[in-house]
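Engineer: The chain contents come next:
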Amino acid sequence: MSLQNEIHFTSERLQEIDVLVKKYPGKRSALLPVLHMAQEDFGYLSMAAQQLVADTLNLRLMVVREVVTFYTMFREKPCGTYLLEVCTNAGCMLNGANELLAHMTESLGIEVGETTSDGMFTVTEVECAGACGGAPVVQINNEYHEKVDATYMDAFITRVSGGQS
Amino acid sequence: MISSDPKQVKAICFDRIHLENQTSLAVAKKNGAYKFLPTVLKDFDNERIMDEVKKSGLRGRGGAGFPTGLKWSFVPRLTGKPTYLLCNADEGEPGTFKDRDIMRFDPHLLIEGMLMSGFALGVKDAYIYIRGEFLHEANVLDAAIEEAYAANLLGENILGTDFSMDLTVHRGAGAYICGEETALIESLEGRPGRPRFKPPFPAVEGFYRCPTVVNNVETLATIPAILEFGGDWHAAIGVPNNTGMKIFSVSGHVNKPGNYEVPMGTSLKTLIEEYCGGLQHGTVPKVIIPGGSSTPWLLAEHYDTPLTYDAMMKAGSMLGSGAIIVMDETADVIALTRRLTHFYAHESCGQCSPCREGTGWLERVMIRVENGQGCEEDLTVLYDVATHMAGRTICALADGAAAPILSLLKHFPDEVRARLMEKAA
Chain A
1 MSLQNEIHFT SERLQEIDVL VKKYPGKRSA LLPVLHMAQE DFGYLSMAAQ QLVADTLNLR
61 LMVVREVVTF YTMFREKPCG TYLLEVCTNA GCMLNGANEL LAHMTESLGI EVGETTSDGM
121 FTVTEVECAG ACGGAPVVQI NNEYHEKVDA TYMDAFITRV SGGQS
Chain B
1 MISSDPKQVK AICFDRIHLE NQTSLAVAKK NGAYKFLPTV LKDFDNERIM DEVKKSGLRG
61 RGGAGFPTGL KWSFVPRLTG KPTYLLCNAD EGEPGTFKDR DIMRFDPHLL IEGMLMSGFA
121 LGVKDAYIYI RGEFLHEANV LDAAIEEAYA ANLLGENILG TDFSMDLTVH RGAGAYICGE
181 ETALIESLEG RPGRPRFKPP FPAVEGFYRC PTVVNNVETL ATIPAILEFG GDWHAAIGVP
241 NNTGMKIFSV SGHVNKPGNY EVPMGTSLKT LIEEYCGGLQ HGTVPKVIIP GGSSTPWLLA
301 EHYDTPLTYD AMMKAGSMLG SGAIIVMDET ADVIALTRRL THFYAHESCG QCSPCREGTG
361 WLERVMIRVE NGQGCEEDLT VLYDVATHMA GRTICALADG AAAPILSLLK HFPDEVRARL
421 MEKAA
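Chains A and B are the protein sequences, given in the same order. Per my numbering, the very first residue in the first sequence carries number 1; after that it's consecutive. Per my numbering, the very first residue in the second sequence carries number 1; after that it's consecutive.
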């Protein structure tokens, strides 16, 4: 029995999904792309969103959950307006990523993985972003920022905080 | 422009990378993209392409270094099933960041390489599996593909020939293991990326149990030059059995980190000193990881090793994807190893017990070693776990996880013991 759905894809999204599904030999191949769409549309993958994806692709909820929980980029909880993902793997670590991460959590007054109380910033630690030539790397809402230092992050945080208040 | 004289070749995959607006089809065409494609589609047949690729000596640039022509030759003909071509753009090995530059700066080169490869293999549907974090690169590719469709470079009856091929960009969602080709296939089928037991190999049973070729971005991007200038031309670049140019992603303690495409056989020292501006501190590297975090460490004594698959193996490591992580005298190798154990524990898919449990144990023990809560016996535990997980799993992730531990214990046992003593005191 499906969960009571209170969210829906727009008709444009559904058309997009129709086109997408035809690109694969099997419908299930569209699962990751459709989950990306749902996350983009609804901010995170709530149970209702996961049920919606399952219904849309005619899959069991369990199949969707198995995928959602396997892949790091799928989030089951809301995050801040700005998701700051700091790579601390080898290349970034050798170029000050741990110090940068410590600076960020300290200045925002949160732990790694937490969101500031105003809902503005979430700071997480991620695995190698594949941009080690620009270490340390911070992804801000899916956009790569390279050779980031404390000054750069402080300026960014001040700028977007000012714009919001 | 790529020189037809192999001695003069400065770049293959990066030949057009610094040109402005190379992502637009009009500009890319003006700079030579798709120039040779009509000749291939009209005058070449499957056998001739296979032959040139075999002669070229090209070895897979994703990490394993398996001969590309040989990999293609495993695809059975006349099975009545479609053959799929998948481009592995998952680029997740810590230290690797070369494919990203090809995709974001010269997407048409990859598309052209996939067209020629797809033509050779009789492919109708091809996919680029790109790591989910590369959203910008996926968008660049999507835009380039859209332009290619509009110009009849993709789709039905390409350039008026009988050849038709569709190409789709598919984003992953943050899982290192999806760079392993059978995990990539599982993921492309909408499942968690858990590697398949082999055989059957993907060439025989891959995507939807059909014949499938999985090639790395750099490998596919090399195909247009091989077909234009010939397999012998490519084989004359680099050194025997290690032919062609190779992109090396250099990171860590160098002054100018970045991607450098150099002839195979260039020495590590030349690359680091002449291209990368040398080390940040001192003149002698403490550790060099030559092929991504899963490859065994090299020391200063290996500084002159040529960058080839064979020489790296002889030196006790692997060329891998060409991801060179350099550490100078300031590096804390214990902290780095602990960080890598976290990576492998996080990325283990969990289906094989030695890896699922082993990676977790390595991380837990390394945390206490790093924090001075360890004891002499921990060295034995680390060694036992690392040696008992490597080679006992479906894929090579466990071997990759063991590599930094075994390298640390082999090369820096005194440093580890000193840490234990120092914190205990």
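Worth flagging that the hints you see were computed from the coordinates, not collected in a lab. Any given hint could be a false lead.
Dumping the calculated SDA-like pairs for lysine to any residue here, alpha-carbon to alpha-carbon at most 20 Å [said to hold, decoys possible]:
id	chain 1	residue 1	chain 2	residue 2
1	B	K81	B	A150
2	A	K147	B	Q280
3	A	K23	B	K29
4	A	K23	B	S164
5	A	K22	B	G278
6	A	K23	B	Y303
7	A	K27	B	R171
8	A	K22	B	D399
9	A	K27	B	R191
10	B	K269	B	E228
11	A	K22	B	K81
12	B	K30	B	E228
13	A	K23	B	Y149
14	A	K22	B	I17
15	B	K29	B	G160
16	B	K256	B	G278
17	A	K22	A	E6
18	B	K410	B	Y303
19	A	K23	B	G278
Engineer: Look at each hint and say if it fits the structure.
Structural biologist: Verification of the hints:
Between the alpha carbons of K81/B and A150/B the distance comes to roughly 28 Å, so the proposed pair goes past 20 Å and is violated. For a cut-off of 20 Å, the pair hint linking K147/A to Q280/B stands: about 15 Å separates their Cα positions. Using a Cα cut-off of 20 Å, the hinted pair K23/A and K29/B is violated, with the two alpha carbons roughly 27 Å apart. Pair hint K23/A plus S164/B holds up; C-alpha atoms about 14 Å apart against a cutoff of 20 Å.
This hinted pair does not check out: K22/A and G278/B have alpha carbons roughly 51 Å apart, beyond 20 Å. Under the criterion of a C-alpha separation no larger than 20 Å, the hint pairing K23/A with Y303/B is inconsistent with the structure, at around 48 Å. Between K27/A and R171/B the CA atoms are separated by roughly 16 Å; this keeps the pair inside 20 Å, and the hint holds. Restraint check for K22/A and D399/B: the C-alpha separation of about 38 Å exceeds 20 Å, so the hint is violated.
A distance of roughly 12 Å separates the Cα atoms of K27/A and R191/B; the hinted pair therefore holds under the 20 Å criterion. Restraint check for K269/B and E228/B: the C-alpha separation of about 32 Å exceeds 20 Å, so the hint is violated. Between the alpha carbons of K22/A and K81/B the distance comes to roughly 18 Å, so the proposed pair stays at or under 20 Å and holds. For a cut-off of 20 Å, the pair hint linking K30/B to E228/B stands: about 17 Å separates their Cα positions.
Under the criterion of a C-alpha separation no larger than 20 Å, the hint pairing K23/A with Y149/B is consistent with the structure, at around 14 Å. Taking the CA atoms of K22/A and I17/B, the gap is about 33 Å. The hint is violated against a cut of 20 Å. Annotation: proposed proximity of K29/B to G160/B holds, straight-line Cα distance about 18 Å (limit 20 Å). A distance of roughly 8 Å separates the Cα atoms of K256/B and G278/B; the hinted pair therefore holds under the 20 Å criterion.
For the hint pairing K22/A with E6/A, the CA-to-CA distance comes to about 27 Å; that exceeds 20 Å, so the pair is violated. Note on K410/B and Y303/B: the hinted pairing holds, with a Cα-Cα distance of about 18 Å set against a maximum of 20 Å. Between K23/A and G278/B the alpha-carbon distance is near 48 Å, which puts this suggested pair outside the 20 Å criterion.
In this structure, the hints that do not hold are numbers 1, 3, 5, 6, 8, 10, 14, 17 and 19, in rising order.
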